[in-house]
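Visitor: Here's the letter readout for the chains.
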Amino acid sequence: MSAVGTVFRKELLDVLRDRRTLLFMLVIPTLSIPLMMWLTADLVTSFMEKMARKQVDVLVLNAEAAPDLVEELRQRSNPMGLALQLSRLLESRGLTEKDLSLVKGEDPRAFERLLTARGIDRDELMGEVRGLMGAQEFEPNVASLIGSAFPPNFRVVTELDKDLGDPRDPAQREAVLLQAVRTDRLGAAVLLPADARERLARGDTAELQVFYLDSSDRSTLAFKGLEGIFRSMGKRITAERLAERQLPPGLASPLKLKPTRLPGPGLLIKIMGQLLPYMILIFAFLGALYPAIDLGAGEKERGTLETLLVAPVSRLSLVLGKFLVVLLAALVSAVLATVSLGLSLQIGFLAELSLLSGGTFSFSFLEGAMALAMILPVSCIFSALLLALSIFAKSFKEGQSYAGPLQLVVIMPAFVSFLPGVELDWFMASMPVVNVSLALKEIFTGNLDQHWGHMGLIFLSTSVCAGLLLWAAAWWFRREQVLFRS
Amino acid sequence: MDASTPARVEVEGLSKVFRGPKHKQIKAVDDVSFTAHAGEIFGLLGANGAGKTTTLRVLSTMLSPTAGDARLCGFSVVRRPEEVRRRIGFLSTATSLYGRLTAREMVIYFGRLHGMAPAALEARRQELFELFGMQSFADVRCDKLSTGMKQKVSIVRSVLHDPEVMIFDEPTAGLDVLTSRTIVAFVQDCRARGKCVIFSTHIMDEVDQLCDRVGVIHAGRLLACEPLDALRARAPSRRVGDAFVALVESAGVQP
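Note that the protein sequences, when read in sequence, are chains A and B. Positions 58 to 543 (the working numbering) are the ones given, in order, by the first sequence. Positions 100 to 354 (the working numbering) are the ones given, in order, by the second sequence.
Just chain A, with the same shape it has in the complex (with noise of 0.2 Å):
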């Protein structure tokens, strides 16, 4: 058995000199979890951000229905007056849009957390924030705040171009409408019902006609924020008219939902067991890719393969030598992968995530062992597919473009830890990859004690798959047709 180690030692030098190994093996794997989720996160909030920012145009048809219902609308949806002020007394705080956004449908914990991490006082940026709106009809909580200050931008207006054609012609309504939103012209449009007065004058309610665009998103933005000006709109009429009959504020609210999440695994714990299972086994799969071509494909294309054959080794010590090595890179490939991870949350947009969901993310020293179990066995298959094809493949060149096809069997498995529902049982615990995808989801959001049963079958199937592909390759690296290829 010394050979093996001879030929592990040599491969393992002649693959570290090689750029591209190096690259895949440490660069990609450190570098590309950071960078995907700044992108991601900070990126598309920042577009977010900008286009809620951007004014856009609203019709109001029917306007002369109920001028104050839209005249109310206007005050509402312009980012002037107090609104405005709200919006710079918590920005004078350090409070951004952003931020408020993190914890908008959490519960008021995660505010709480969200001010002692800025380290501002509770009481104090209350008292500051009752004083602005005047103790009326509000309530100091995140939802409140955020539906007050940083409103959406609205221009609403009655009229739109002529050339357009007319939307209060009900036969061309939608079609004009259609036509507005799709040059950009129109966000949305709200159709006041002729008789909203008096509907909502005896006690009534008024049916609000809002038109939009599901595929656009400047569309649906302007309707959720329509949505939102008009509920809160709602609750102050129903407020006025239960004091006008000197109601108690309650009666139209006989219910209210209060969320409160256990102190248990949060959001945070949750994306990180559908990330981390989809990051290891791509990371396994692609850091394996590169030397197993090199030491296959690459042996034959540089002409080395005859002077290896020739050396008094078994055709078994070169294949487990060389196996070793693409293992060694799978595994130091994915564990990278998971600690610059681990870093990536120490820092930026998730460090912020993590710190308000209240919860960190981290494992025990059995759930890192078992997490290992699990990965060790399906790098080695990914390790022995990808040296057995390599081996077949008579260049570099051939073997990627076989590399590539596997790819898509690694890669949709390994999505299965996205999909909601997908639970880890008998059935999924048969599945090659798939079960391992689940299996680290489960041990990462530490429901391993629920699943000793399946890991175990999952280990012992996934080693005995691993185990044959090995012999597999083994035998393939025997074969003269598959050496000698012309």
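Please note that a few of the clues may not be correct.
Computed Cβ-Cβ distance ranges for the label pairs, DEER-style [to be verified]: (1) B/G247 <-> A/L400: 27 to 37 Å; (2) B/P120 <-> A/S273: 32 to 42 Å; (3) B/G293 <-> A/L83: 50 to 60 Å.
From the derived model, a few chain B residues whose C-beta atoms are all more than 10 Å from chain A [to be verified]: (4) S132; (5) A137; (6) E229; (7) M248.
From the structure, some residues in chain A lie toward chain B, with a derived Cβ separation under 7 Å [unchecked claim]: (8) D71; (9) R74; (10) R77; (11) Q236; (12) E358; (13) G360; (14) T361; (15) E363; (16) V367; (17) A368; (18) V370; (19) R372.
Note that these hints are calculated values from the structure, not bench results. Built from N, CA and C at the ideal position, the CB exists for glycine as well.
Assemble chain B onto chain A, guided by the hints.
Guide: Relative to the frame of chain A, chain B by itself:
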């Protein structure tokens, strides 16, 4: 050769059949037999595609024969391939070097694969590097070496374990005159040190210059196996080239 020098390579009824496209069988080597002894250079002469390389690949155990057998130093290529590989040095233009290893690393790697002890290996390496004047580029990566330097590294790689049998498969193909000379001198040196040398070529000059006995191979079949003088005698001009052409034409086999 007289009976006093032991036979090192004994080839008996060796055949190799490849499966071509559409299940066509291609007889690359067809019932070839010959014997080569210690201290002689046995030339395998043939045109391109005659079966020289396949024969030598079988002798060096890279390919296994379809029929027949060959014994090198008494070990069968079929039953004891690793023992055979321990005792042969193989050199051809197809046996390249690892470009990302230095000359020293390359040689050490193959010494280890031959199971040489570290101290003995290092001593042998120094001896050979001095002999071939390679100290100046011992630590240069092989892909940075000139063709001549590369050839020297290959030579050292092939004789490191002091093999009894040296197999050369067209070792001068594609090399310039100067580099070829190094090889030719090395082949002669091998004979002087009592090695058994198998040397394949399609260059008549090399046969003239080097070989003691010659096997003429054509379309996988050994047409003649005789001392160089006997081969020359087949042509009125007494030139190897003419003798070769006469042999091939009289055999009447199409390649």
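Visitor: Now tell me if each hint is right for this structure.
Guide: Cross-check of the supplied hints:
1. B/G247 <-> A/L400: 27 to 37 Å: violated (51 Å)
2. B/P120 <-> A/S273: 32 to 42 Å: Cβ of B/P120 to Cβ of A/S273: about 58 Å, so the range 32 to 42 Å is violated.
3. B/G293 <-> A/L83: 50 to 60 Å: Hint holds: Cβ distance 51 Å, inside 50 to 60 Å.
4. S132: holds (22 Å)
5. A137: holds (20 Å)
6. E229: holds (23 Å)
7. M248: The claim stands: B/M248 keeps its Cβ more than 10 Å from every Cβ of chain A (closest is about 16 Å).
8. D71: holds (5 Å)
9. R74: holds (4 Å)
10. R77: violated (11 Å)
11. Q236: violated (63 Å)
12. E358: Since the shortest Cβ distance to chain B is 10 Å, the answer is violated.
13. G360: holds (4 Å)
14. T361: holds (5 Å)
15. E363: Cβ of A/E363 sits 5 Å from chain B, so the hint holds.
16. V367: holds (4 Å)
17. A368: Holds. Min distance 4 Å.
18. V370: Interface hint status for A/V370: holds (5 Å vs cutoff 7 Å).
19. R372: Result: violated, 10 Å to nearest chain B Cβ.
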